[in-house]
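Q: Position one of the sequence shown corresponds to residue 1 (this note's numbering), numbered consecutively onward.
I should point out that these hints are in silico values taken from the structure, not numbers from a laboratory.
Careful, some of the hints might be misleading.
Said to hold, decoys possible - DSSO-like mimics (lysine-lysine), calculated; alpha carbons at most 30 Å apart, straight line:
#	residue 1	residue 2
1	LYS225	LYS247
2	LYS124	LYS225
3	LYS124	LYS185
4	LYS225	LYS185
5	LYS128	LYS33
6	LYS247	LYS185
7	LYS33	LYS76
8	LYS185	LYS33
Bear in mind that the values here come from a model prediction, so they are computed numbers and not experimental data.
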Amino acid sequence: LDQERIEVVPTFLGGGFGRKLGDVAVEAARLSKGAGVPVHVGWNRPEELRQGFFAPLSHHRLQAVVDETGRIQALKHEVGSGDILFAFFSPLLITVFGADIGVSRGARIEYDVPDVETVIWRRKLPVKTGSWRGLGFFPNVFAVVSFIEELAHAAGIDPLQFRLLNLPQTDRGRKLRTVLEAAAKGARWGETLPPGRAQGLACAHDYGTTVAAVAEVSIDEETGKIRVHHMTSAMDCGLVINPDGAKAQMEGNTMWGVSATLQEEVRIENGRVALNNFETYPLLTMKEAPSVEAILVDRGGQEPSGVGEPPIGPVGAAIANAVFSLTGQRLRNMPLRLA
1 LDQERIEVVP TFLGGGFGRK LGDVAVEAAR LSKGAGVPVH VGWNRPEELR
51 QGFFAPLSHH RLQAVVDETG RIQALKHEVG SGDILFAFFS PLLITVFGAD
101 IGVSRGARIE YDVPDVETVI WRRKLPVKTG SWRGLGFFPN VFAVVSFIEE
151 LAHAAGIDPL QFRLLNLPQT DRGRKLRTVL EAAAKGARWG ETLPPGRAQG
201 LACAHDYGTT VAAVAEVSID EETGKIRVHH MTSAMDCGLV INPDGAKAQM
251 EGNTMWGVSA TLQEEVRIEN GRVALNNFET YPLLTMKEAP SVEAILVDRG
301 GQEPSGVGEP PIGPVGAAIA NAVFSLTGQR LRNMPLRLA
């Protein structure tokens, strides 16, 4: 068809969550051409869920050497993942970029390690994959930071002190130190907790922003379900222009991260996505939501950096580390479930 004969009538909605790419428009165009009249395509929620672009599966393998002083001497991180941004790139753009930068976010090792290597393997998956809050940042940080915690326990050093010991003497290292200490102070790290509770710590860097989180968890004795009671999050995003907006991003990302860590999953059964509605894809409820303390760290003299996605990075790892501290069981798959 000539371009002059085509009119696109968009639907304006608040927010940008949900489907907004490609296939819905193609369906409408094909139906309209076949019918010879304008066509309005609307999917219900089960159709939307089953045809979604999902966060890809990722698999991580990590190896490290720690010396007798507790310093990491070598660390290797291998990632196998489906596409994120490449899912929407043409073959030419994929060739030009060479690597899916959405997959690699958060895979970088932030510590002062003399011998370090990160390798990312691309794997095609049988379902459509794409962007999810933080892209690869959330799963990569979960894997790397959980492993750092394992190294700390293997070395017999407090997890906070182990991280501080291995941070580089760079501006990024100083930012990570600042948020770690701020989150630990806010959460009263190391103090006595109520019976049946434990804390876990995590930190990450993304888009010029550093974030540290401390999770306080317990385990329901009857059901074995993990409960997150409180999250303390400290963020250095440079100059803070709107403190209320920045804290809202921290709180929202924390809820999103807790929900994904404990219960969100997509199952494939008999070759199709086994989703119908919220009964097959439960989200965190207000009753299950933790309280959140958001701490903004402004060291002064810096330009502002991103706050939309960085706060979600350390949430999953902080919860997993707290579960390990409480039970001695290391959970390496999300959503986290005790055996």
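Q: Checking one constraint from the list: CA of LYS124 to CA of LYS225, max 30 Å. Satisfied?
A: violated (33 Å)
Q: Take the C-alpha atoms of LYS33 and LYS76, compute the straight-line distance between them, and say whether it is at most 30 Å.
A: violated (54 Å)
Q: Has the given pair, LYS124 with LYS185, been kept, meaning a C-alpha gap of at most 30 Å?
A: violated (44 Å)
Q: Hey, LYS247 versus LYS185, does the alpha-carbon distance stay inside 30 Å?
A: holds (18 Å)
Q: With a cut-off of 30 Å on the C-alpha distance, tell me whether LYS225 and LYS185 pass.
A: holds (28 Å)
Q: Going straight from one Cα to the other, do LYS185 and LYS33 come out at no more than 30 Å?
A: violated (63 Å)
Q: For a C-alpha distance cap of 30 Å, please report whether LYS225 and LYS247 respect it.
A: At roughly 28 Å apart (the allowed maximum being 30 Å), LYS247 and LYS225 satisfy the hint.
Q: Under the criterion that the straight-line Cα-Cα distance not exceed 30 Å, is the pair LYS128, LYS33 satisfied?
A: holds (26 Å)
Hint check: violations occur at hints 2, 3, 7 and 8; the rest are consistent with the structure.
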